[in-house]
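Engineer: Spelled out from the first residue to the last, the chains are:
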Amino acid sequence: MNIDPIKNGIVIDHITAGKGAQIYSLLGLDSLDVSVALIRNVSSKRLGKKDIIKIDAEIPVNFDIIGYVDPGATVNIIRDGVTVEKKTMEPPELLTDVIKCRNPRCITTTEQELKHVFRLYDAETMEYRCIYCETRAE
Amino acid sequence: MRSIIDILDLSVEEIDSLIETAQDIISNPGEYAHLCDGLKLATLFFEPSTRTRMSFEAAMYELGGYVLSMSSAASSSAAKGESVADTAKVISCYADIIAIRHPKEGAALVAANNASIPVINGGDGGHCHPTQTLADLLTIYREKGSLKGLTVGICGDLKFGRTVHSLINAMSRYDGTRFVLISPEELRVPDYVINESIRKKGIPYIETEDLDGSMPELDILYMTRIQRERFFNEEDYLRLKDSYILTADRMKYAGKDMSVMHPLPRVNEISVAVDDDPRACYFKQVLNGKYMRMALIIMLLKDAGKLNGTGVSGSRTIQL
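Line order of the protein sequences matches chains B and Y.
Read in order, the letters of the first sequence are residues 1 to 138 in our numbering.
Read in order, the letters of the second sequence are residues 139 to 458 in our numbering.
In case anyone wonders, no lab produced these hints; they're calculated from the structure.
Fair warning: there could be bad hints in the mix.
Said to hold, decoys possible - Derived Cβ-Cβ restraints for the label pairs, each shown as a range:
1) 18/B x 383/Y: 26 to 34 angstroms
2) 49/B x 339/Y: 39 to 47 angstroms
3) 140/Y x 100/B: 23 to 31 angstroms
4) 371/Y x 45/B: 52 to 60 angstroms
5) 58/B x 324/Y: 48 to 56 angstroms
We put the beta carbon where it would ideally sit given N, CA and C, even for glycine.
Here chain B stands alone, though its shape is the one from the complex (with noise of 0.2 angstroms):
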């Protein structure tokens, strides 16, 4: 399977096998006016398989979605043909209106455009809570 290469773009690449679809989804690359490219279950050396993304544009891209569904991941930007960073994700200490608290007694359930706002409190289990109300992100 071939996918041409990037000349000017993103992209997103490490991600752990079946996660592809749902940074795709988050990052609302969808409603994109641009070439992009999800590749599931390609071979690879270091994960077995992984699923990679490429985006045909520079766009302004939400690292802290790709730190939280999949940290390991790595972006790689490239200008001209030439990769000129890269950057491994790590998960965002805050994660701001990425997923929304569903404790129904929190203040985010009424208060007019309130931010939903979680914070990192296990890095090794990955457990972010409501700044709010400590109720744990599912």
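Go by the hints and put chain Y onto chain B.
Structural biologist: Chain Y in isolation, oriented as in the chain B frame:
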């Protein structure tokens, strides 16, 4: 702007300092009677409360300040749909410090993030109630002479009880604490509280349904009410509400120095007959709560630059 939302917003040293101030207020009330002359406390209570609101108001009056009071959501702009954030911004224009109670968890943090004056959380749903914990800590200190080396039994609704979570968080910071958590299976302490405040710190604890069998080893028995307002299901409430009732007869299982505490209001979980037992401390807690709120108001107003470096009051200069 410094606000207090959670008991853990205060360091152990700051709590020691608040206890010291409260003890001085108890010994020398006249010296503090004009410390807050001309300053205003706004009490924003979006949920019914008698003792906490009045305690804050009494605290401010006894410091010489004024009180602007909102005692129910129905009588406020919240009934018209105003957000907590907007309310906090508006009240910041009128008052010097806010005490807020709200049924939604996290409401006090929203208020603090939007106010330009200090905010004290007077209870946000089932989440936190730091000033109740300050009252508890002063009571324990005055009854036991120390906050260290105590076996603390907590009984009743340990799942929804905000005072319980705050007390566990606070006491887990003192050396030698041991917890005995007494509750029905359905109302046990949430896992995240156990993990964060107890297990990770290596604090000894047991979870049990046996009140009588636990009492002999306790220094403190902290009783709580099964709160109807925290249940979505009336059937669950009715099934669990009478799980633990402390009677004068049951007190025979307790050691002679065990202190019985309760954040109040009680419904029936402590028999009135226990009130006469010298080990009953729950009405002392109420009074101690006022003194700790006075100490906290002083601390926050000082941090906000509303009080001078020293308060000259009566015949003595109080070092702030």
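Engineer: Given the range 23 to 31 angstroms, decide if the beta-carbon distance of residue 140/Y to residue 100/B lies inside it.
Structural biologist: Once the Cβ atoms are compared, 30 angstroms apart, the range 23 to 31 angstroms for residue 100/B and residue 140/Y holds.
Engineer: So the hint says 48 to 56 angstroms: do the beta-carbon atoms of residue 58/B and residue 324/Y match that?
Structural biologist: holds, 53 angstroms
Engineer: Within 52 to 60 angstroms or not, the Cβ separation of residue 371/Y and residue 45/B?
Structural biologist: The hinted range 52 to 60 angstroms holds for residue 371/Y and residue 45/B, with Cβ atoms some 54 angstroms apart.
Engineer: Okay, residue 49/B versus residue 339/Y on CB: inside 39 to 47 angstroms?
Structural biologist: holds, 40 angstroms
Engineer: The hint says 26 to 34 angstroms between residue 18/B and residue 383/Y; measuring C-beta to C-beta, is that right?
Structural biologist: Taking Cβ atoms as reference, residue 18/B and residue 383/Y lie about 53 angstroms apart, which means the hint is violated.
Comparing the model with each numbered hint stated earlier shows that hint 1 is the single one that does not hold.
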